[in-house]
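Enquirer: Taken in order, these protein sequences are the chains called A and B.
For this note's numbering, add 24 to where a residue sits in the first sequence, where the first one is 1.
For this note's numbering, add 217 to where a residue sits in the second sequence, where the first one is 1.
Calculated directly from the structure, the hints in this document are not laboratory data.
Nothing here was measured: the structure is a model prediction, and the numbers come from that model.
All C-beta atoms in this analysis are idealised placements derived from N, C-alpha and C, irrespective of residue type, glycine included.
Take the hints with a grain of salt, since some may be wrong.
[What the hints assert, rightly or not] If you anchor each label on the Cβ, the simulated ranges turn out as follows:
id: 1; chain 1: B; residue 1: Asn243; chain 2: A; residue 2: Ile189; range: 44 to 54 Å
id: 2; chain 1: A; residue 1: Arg185; chain 2: B; residue 2: Ser297; range: 17 to 27 Å
id: 3; chain 1: B; residue 1: Asp314; chain 2: A; residue 2: Lys246; range: 39 to 49 Å
id: 4; chain 1: A; residue 1: Gln137; chain 2: B; residue 2: Asp263; range: 33 to 43 Å
id: 5; chain 1: B; residue 1: Phe252; chain 2: A; residue 2: Glu218; range: 38 to 48 Å
id: 6; chain 1: B; residue 1: Asp292; chain 2: A; residue 2: Arg92; range: 39 to 49 Å
[Said to hold, decoys possible] Straight line, CA to CA, 27 Å or less: simulated DSS-like cross-link-like pairs of lysine-lysine:
id: 7; chain 1: A; residue 1: Lys292; chain 2: B; residue 2: Lys265
id: 8; chain 1: B; residue 1: Lys246; chain 2: A; residue 2: Lys246
id: 9; chain 1: A; residue 1: Lys244; chain 2: B; residue 2: Lys240
id: 10; chain 1: B; residue 1: Lys240; chain 2: A; residue 2: Lys141
id: 11; chain 1: A; residue 1: Lys220; chain 2: B; residue 2: Lys282
id: 12; chain 1: B; residue 1: Lys265; chain 2: A; residue 2: Lys302
id: 13; chain 1: B; residue 1: Lys240; chain 2: A; residue 2: Lys302
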Amino acid sequence: MTRQSDLQTVAGGGLLDRRVFLKKGLVFSIAALTSESLLASINDHHLPWMQKPGDTFSNYGQPSPHERKTIRWTMANRDASGNGVSWTPLHDLEGTITPNGLHFERHHNGVPQIDPKQHQLLIHGSVKTPLLFDMDALLHYPMTSTFCFIECGGNSNAGWRDKPIQTVAGYFHGMASCSEWTGIPLRILLDEVEVKSQAKWIIAEGADASIMNVSIPLEKAKDDCILAIYQNGERIRPENGYPLRLIVPGWEGVLNVKWLRRLHISNKPTMSRNETSKYTELLPSGKARQFTFVMEAKSIITRPSYGYKLDNKGLYQISGLAWSGRGKIIKVEVSADGGKTWAEAELQEPVLAKCFTRFRIPWNWNGDKAILKSRAIDETGYVQPERNELISKTGKHSYFHYNAIVSWEVSNTGKISHVYT
Amino acid sequence: MYTLRLTVFLFCFVGFNIFAKEKGPNLGKSVSLTFIKQWDMDIFPDGKGLPKGDGTATLGKDIYKKHCLSCHGVDGTGDSADELAGANHTLTDNPPDQTIGTYLSGFTTLYHDFLKGQPETYRVIF
């Protein structure tokens, strides 16, 4: 039973103390994605799956057929079907790790089906000994894991539009996913080729049919980059870079080069398409910012969010994700009154640097119109900006690096829409 | 004394372990300069990496019509793929007009794209 004394609000609009979660007996209402009925009545006590033996074993498990709606939404160029994106359905998921089959994709010319026996990595350029590694050799190297998000620099770019886009959270912010990546610390291989002292950049190239390449500061490469071979325990899937992917924690997704075949150590960047024409931010002055690598702190409420419906007033669990390319999230604040007052959300442990962090807070909805927002604060003290603050700094035509606070408006009928405030 | 020694011992042990973890087994194969040349497709803004060759705008126009127009539109004004040329206004307008002429920094970026994509197979490049 929910006692009234448990329901002391800590901020406007009915936000409760985050620690209320830990108390027993709270009954949360369920915010449902419209079109589904979660609470179908169960009259039949002789359920068919209890009457006869179930299916036999499977070599590779698949989601329940009842969860077929939880998919990546894809969007491909009509004349070049390998060019486009697919989004992680963040609004449908919980926890912090993205299932491998739902990790977002951005390909420039399709997914190559690489035979690992024919895949090699060349490291050359400003080094003493250029070296070539095949996958067999790489599998003999000491490995380590990093839990980190990968977010496309263009994620959430619908936020720049003049009218708030009305679509599910995943289709708006789902070019971000989070995995455990396991592989070889890049600095180990850089030590073996003996990088020369004047070198400043590392140009990474993929083995897809776009031969995508991009320049990364050498300092970052030596710091925490990984040559990943495994994603969430299994070999990386083709669409995520099989057999070898460069992981650049906390920095723009485009730098995490998939199907990695070459690392060119250089004194200068190559000025490829993906560091000039794209992934640069045009400012109101007509000048553009270049090499804006770090993905700044961001958060979104994933449940309830656009597409969910609150069927009755009462107690709800607000749940969302926060992350920062600069390090750990130290605090997420939630508002239910459009930003007038804020309450601190509970952060799910472990809270890791450059990794998705799950936050939750209980909310007692009184049935009136409410505006839900979340704002992330990272360990450098950076506070996720309001939309107008972001636009006052960068203008509206940056396209990349949109990380403003997201507002979901709950109507008095429990319908949720995306609003700017 | 005993604890101190144990601590020192443990410290060395852990220290050694970290060091061991950081070192690779040196399994890379050395390669010749010719091999590297075959693999290296990077082109730099100063022209380093560009192959020898020449061309003219008239020649380019024909190639464009044959191999690029279907996606990038008449005169590069954009279609299913990016607008490439013919900006009607500037970068400070609302919305700005970002084309090769107004925005893309240099010729080597383009050359790189063109070289690597083989138009005859309609590979999309970059």
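Enquirer: Just pull the numbers of the violated hints for me, sorted ascending.
Expert: 5, 11 and 13
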